[in-house]
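> These are the residues of each chain, in order.
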Amino acid sequence: MNSTAARRVVPDAIARQPWEMLIPLVMLTAFGGLVLYSAGGGAMQPFAASHFLRFLVFSVMAAIIAAMPRDVVRAVTYPGYLTVLLLLLAVEVVGAVGGGSQRWLELGPVRIQPSELMKPAVVLAMARFYETLPLGMVGTWRSLVPAGMLIVLPMGLVLMQPDLGTSVAIAFGGVVVMFLAGLPMWWFLLAGGAAVSAAPLVYFFALHDYQRARVTTFLDPESDPLGAGYHIAQSKIAIGSGGIFGKGFNNGTQSHLNYLPEPHTDFVFASMAEEWGLVGGLFVLLMYGLILRWGMKVAAQSQDRFSALLAAGATATIFFYIAINLLMVMGMAPAKGIPLPWMSHGGSSMMTNMICIGLLMMVNRWNQRTPHRGLAG
Amino acid sequence: MRFPFLGDGSLRRGRVINATILRATFERRAVLIGAVQGGIGALLALRLGYLAIAENEKYRLESESNRVNLTLIPPRRGWILDRNGAPLASNRADFRVDLIPERMHNASATIDRLGELLALEPTRIADIKDKVSTSRGFAPVEVASGLNYEQFAALSVRLPDLPGVVPQRGFSRFYPTASSVGHLIGYVGPASAEEYEKDPNPILITPGYKIGKDGLEKQFEKDLRGVPGARRVEVTASGRIVRDLETREDVQGAPVRLTIDGPLQDYAARRIGLESGSVVVMDCLTGDLLCMASMPSFDPNSFSDGIGSVEYAMLRDDERVPLRNKVLKGLYPPGSTVKPMVSMALLGQGIDPNDTVHCRGGLRVGNRVFNCWNRRGHGTVDMARGIYQSCDVYFYTMAQRVGMDPIAAMARRCGMGEEFPLPVTSQFYGTVPDPAWKMKKWGREWQTFDTVNATIGQGYMLSSPLQLAVMASRLATGRHVMPRLTLDTKPKGFDTIDFPSEHVEYVRQAMSDVVNGPGTAGRARLPIKDVQIAGKTGTAQVVSLSISNGRTGPWKYRDHGLFIFFAPFDNPRYAGAVVIEHGGGSGAAYPIARDVTTFLFDPTKGMEALTALEKQWGGTAQQRLDARYATYAAERGAEVRRPPRRDEEIFDRVEAEARVAATQTEAIAEDVITPRAEANPSATPPATTAVSPEQQPEPAPAPPEVSE
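Read top to bottom, the protein sequences are chains A and B. When you read off a place in the first sequence, starting at 1, and then add 4, the result is the number in our numbering. When you read off a place in the second sequence, starting at 1, and then add 617, the result is the number in our numbering.
Rather than coming from a laboratory, the hints here were simulated on the basis of the structure. A hint or two may mislead.
[To be verified] In silico SDA-like cross-links for lysine to any residue, where the CA-CA straight-line distance does not exceed 20 Å:
{"no.": "1", "chain 1": "A", "residue 1": "301", "chain 2": "B", "residue 2": "649"}
{"no.": "2", "chain 1": "A", "residue 1": "301", "chain 2": "A", "residue 2": "53"}
{"no.": "3", "chain 1": "A", "residue 1": "301", "chain 2": "B", "residue 2": "648"}
{"no.": "4", "chain 1": "A", "residue 1": "301", "chain 2": "B", "residue 2": "658"}
{"no.": "5", "chain 1": "A", "residue 1": "301", "chain 2": "B", "residue 2": "655"}
{"no.": "6", "chain 1": "B", "residue 1": "1146", "chain 2": "B", "residue 2": "1134"}
{"no.": "7", "chain 1": "A", "residue 1": "301", "chain 2": "B", "residue 2": "645"}
{"no.": "8", "chain 1": "B", "residue 1": "1055", "chain 2": "B", "residue 2": "1285"}
{"no.": "9", "chain 1": "B", "residue 1": "675", "chain 2": "A", "residue 2": "188"}
{"no.": "10", "chain 1": "A", "residue 1": "301", "chain 2": "B", "residue 2": "641"}
{"no.": "11", "chain 1": "A", "residue 1": "301", "chain 2": "B", "residue 2": "652"}
{"no.": "12", "chain 1": "B", "residue 1": "675", "chain 2": "A", "residue 2": "249"}
{"no.": "13", "chain 1": "B", "residue 1": "815", "chain 2": "B", "residue 2": "844"}
{"no.": "14", "chain 1": "A", "residue 1": "301", "chain 2": "B", "residue 2": "637"}
{"no.": "15", "chain 1": "B", "residue 1": "675", "chain 2": "A", "residue 2": "234"}
{"no.": "16", "chain 1": "B", "residue 1": "1058", "chain 2": "B", "residue 2": "1283"}
{"no.": "17", "chain 1": "A", "residue 1": "301", "chain 2": "B", "residue 2": "656"}
{"no.": "18", "chain 1": "A", "residue 1": "301", "chain 2": "B", "residue 2": "651"}
{"no.": "19", "chain 1": "A", "residue 1": "301", "chain 2": "B", "residue 2": "1283"}
{"no.": "20", "chain 1": "A", "residue 1": "301", "chain 2": "B", "residue 2": "650"}
{"no.": "21", "chain 1": "B", "residue 1": "835", "chain 2": "B", "residue 2": "704"}
{"no.": "22", "chain 1": "B", "residue 1": "675", "chain 2": "A", "residue 2": "252"}
{"no.": "23", "chain 1": "B", "residue 1": "1055", "chain 2": "B", "residue 2": "1066"}
{"no.": "24", "chain 1": "B", "residue 1": "1058", "chain 2": "B", "residue 2": "1288"}
[What the hints assert, rightly or not] Chain B is nowhere near these chain A residues, computed Cβ spacing over 12 Å in every case:
{"no.": "25", "residue": "13"}
{"no.": "26", "residue": "35"}
{"no.": "27", "residue": "198"}
{"no.": "28", "residue": "352"}
[Stated by the list, open to error] Simulated restraints on C-beta separations:
{"no.": "29", "chain 1": "A", "residue 1": "100", "chain 2": "B", "residue 2": "858", "range": "40 to 48 Å"}
{"no.": "30", "chain 1": "A", "residue 1": "97", "chain 2": "B", "residue 2": "635", "range": "39 to 47 Å"}
{"no.": "31", "chain 1": "A", "residue 1": "255", "chain 2": "B", "residue 2": "866", "range": "28 to 36 Å"}
{"no.": "32", "chain 1": "B", "residue 1": "770", "chain 2": "A", "residue 2": "112", "range": "38 to 46 Å"}
{"no.": "33", "chain 1": "A", "residue 1": "53", "chain 2": "B", "residue 2": "687", "range": "37 to 45 Å"}
{"no.": "34", "chain 1": "A", "residue 1": "255", "chain 2": "B", "residue 2": "1266", "range": "50 to 58 Å"}
{"no.": "35", "chain 1": "B", "residue 1": "846", "chain 2": "A", "residue 2": "53", "range": "41 to 49 Å"}
{"no.": "36", "chain 1": "A", "residue 1": "53", "chain 2": "B", "residue 2": "739", "range": "47 to 55 Å"}
{"no.": "37", "chain 1": "A", "residue 1": "100", "chain 2": "B", "residue 2": "687", "range": "49 to 57 Å"}
{"no.": "38", "chain 1": "B", "residue 1": "635", "chain 2": "A", "residue 2": "83", "range": "28 to 36 Å"}
Computed from a prediction, not measured in an experiment: that's the story for all the values here. Every residue gets a Cβ at the ideal spot worked out from N, C-alpha and C, and that includes glycine.
Assemble the whole structure, with the sequences as input and the hints as a guide.
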């Protein structure tokens, strides 16, 4: 990229862009739009057009984020986190006043879902926290308790909504940052062990009935083929019946005849696989692989602790969406209500993922601007 | 070897942590995270390949079975035709709605909503709810048929909100003459859960599919059934049909051609009017059953969607037992209608018909006196007079000479006590008593009065209207006529000569004189030139004189009125029997026989007589039944008990009651019967509940009165 030949032919500003990520991203989004076109009954409306529009809007937003200087980001991280936390609190208050739970706030014409904003905000705040934590304190309780609070507070608020999936996603991003920040390994092993042994307790006392039903169904899909298990069974039928090359564009019967629930959001991958088959599925996996590999590469190339943790955390957040959604549609995880990035129809997940992309591009830009500073944190 | 990501044990050992170590830890752990991501990616790819390749076959099938819905098309049922090819049971294209209980979410709310959309009566809604709650889930429950297109369309657009509701176009069974053929043809209905379990054919639980439940519909089920068609359609998850893929037409069931004359059957049924009784008419040349009317009856059209509780209660509560087929399952003492048969027995025993008996109104045997119905006596009576004046003393005397056995043998030869090879679900065959029978059944010796009772068709003697009609045709032709009900069975019995022709002619003439001579049924003369009817009256007593005089008082104690007949008398073409239960005497029976015979020879004239009568009765039989139902439902609709769940229980109950009813006369069989006045055209069955046709001025010219 920095070769003289490239600089001569292509303008520097264009050559500098992370094309190894942007090309897969655009292809993925375009492919997603194609699937939504089919899921919409072979028309741009109601899904495909707004999908493309959102992608454009959030691309601009990502570009703006990417242009932010390091110091500004450092300065606004904590206030930003606090703002999102207050918004989450506001959701609870509005929900309590309005009678009934809700997950979003109406701000004029836009409806924002603070729990989505919280995913990148937690990653930012955690990265910032471990940047400022004196190195000697890593491995002591002071490295754990404040960071734990940063995760537990939003998690608790999101759980109250109640939204188990998002709160786990928030925790996942935060814990990955903790892990990479170098906290002792045995803490994680201990926590993992505790989580496994606490799972039955959580299952019987903490989960809502519908959540428990999802877990039961996941463990034994035949237990309720027309109820909770129906979704996953139909999704597997869609994917399996697609075969290697699929039934062809606009020919999916599972999605077009409404057997597949939510063919445009949670189960968009099944819609896609039905029409495009294994080939389409592997293409999607490859695109995600390229994007995530780039994200991890950005993290590895980062010169300072903040950038590295931020890039890795943002990548982990994107990964969490992809992994849980795909595991779910293939019948390997309980149905969660987590959409597939850049393919599912829906503004919130598009926003979250594009913020993460924006943050990654920002770190990537910092990496290019700043000469390698060696090992300085 | 050290695992790259477990190398940070150093932190625990309190080694100095510096940026380099942390950076190394970061890089190791980033590799670990990348590896986990890659691993999950590989896992997903493998899983995807497994689903799409290894399990492709299975899921493709499942996807197809999701998408394609196979529905069976109930076959159109074969028609039941009369002898001229006119339908007695046909199919009518209509729109219908059924429920499949196991597919419903909120049964009660759905049924209420349907009731609203289709404007169903509250009792009908209650019936449907009851059926849905007791059904097995898979068996469809009919909500309504014969809907108009608007109702059907209104329902179809609301289907997504009404799970378990199946509206469809189809055919429903239609009986044009309704209650006139109820007992004969039977009716159809959905297969019961028990029937489905016995024969788990999916067509049986297809909404709209009906099987024969009673009568000929049940008897000819195999022929009438047909072969179901099938329709493959593409459907959405909510069951909406997207398009037809393939349709295989159904094959209609084979028609059944009866010997019944449809218009005659209808006429006879209507002519019975307000009475309870039956009319059987046979063709003397073939044995064809032209008419087997039994009234009052039920409307088989309204039974085909299940027997409603109000309707069932109304039919149950009626003492005239509209659910009993009286032609086959009504057993009555034949009364004096046996006298021509007894005469034939006497002739066969060599009694000279010109031998006379002097009737003084009674016959003393030992220390007992057996009365004639005419207490003043008939004077000198020969066989012919014994028949046309129905002199009991003549027959008492002659029966003493020949004994019971020849008479019983003759009764059997004439069809009494016989079970005929007819395609009917069941028939009662009555009793021809003789000494051996009495000893076996009751353990008692045969007495003189038993013979006396038997010669006038009382005592233990019981026969069905069908048997009486066969007796009439055998007497009229002298041949062993066998009745037949379908045109594809061979006429039988015509090669067997039962009686010498001179005997036959003698009895014919005497029976003609019953009507056309100085006999007991002058009013039975046909209003047609050249055609003369011959017959024999009978009045059968059902309770002892101390309980009822037979003409007034409680309906069920009144005498039965009977009449056997054939016409024309000199060259018999038609023969038959009319039995009116508790009609108060033979006067209730023979005017019906006269009008039915008139209709056979001159339909217009017959119809005029009926139209005049029906004006007085308040409409045709079907109109009166409908009106009665409306009144009953309005009065008692709220308090009815529900009908038995299985139709078979109804049949068993009806049959058991018919058997009990047939034993009514046993109570008086052990005593001497004091015969009732035989022909009583002036007899007026009291009009507490029924208006007898005999109360009305007769349209026929009044024949010379016969002294009683």
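> Which of the listed hints are not met by the structure?
Result: hints 2, 9, 19 break, sorted rising.
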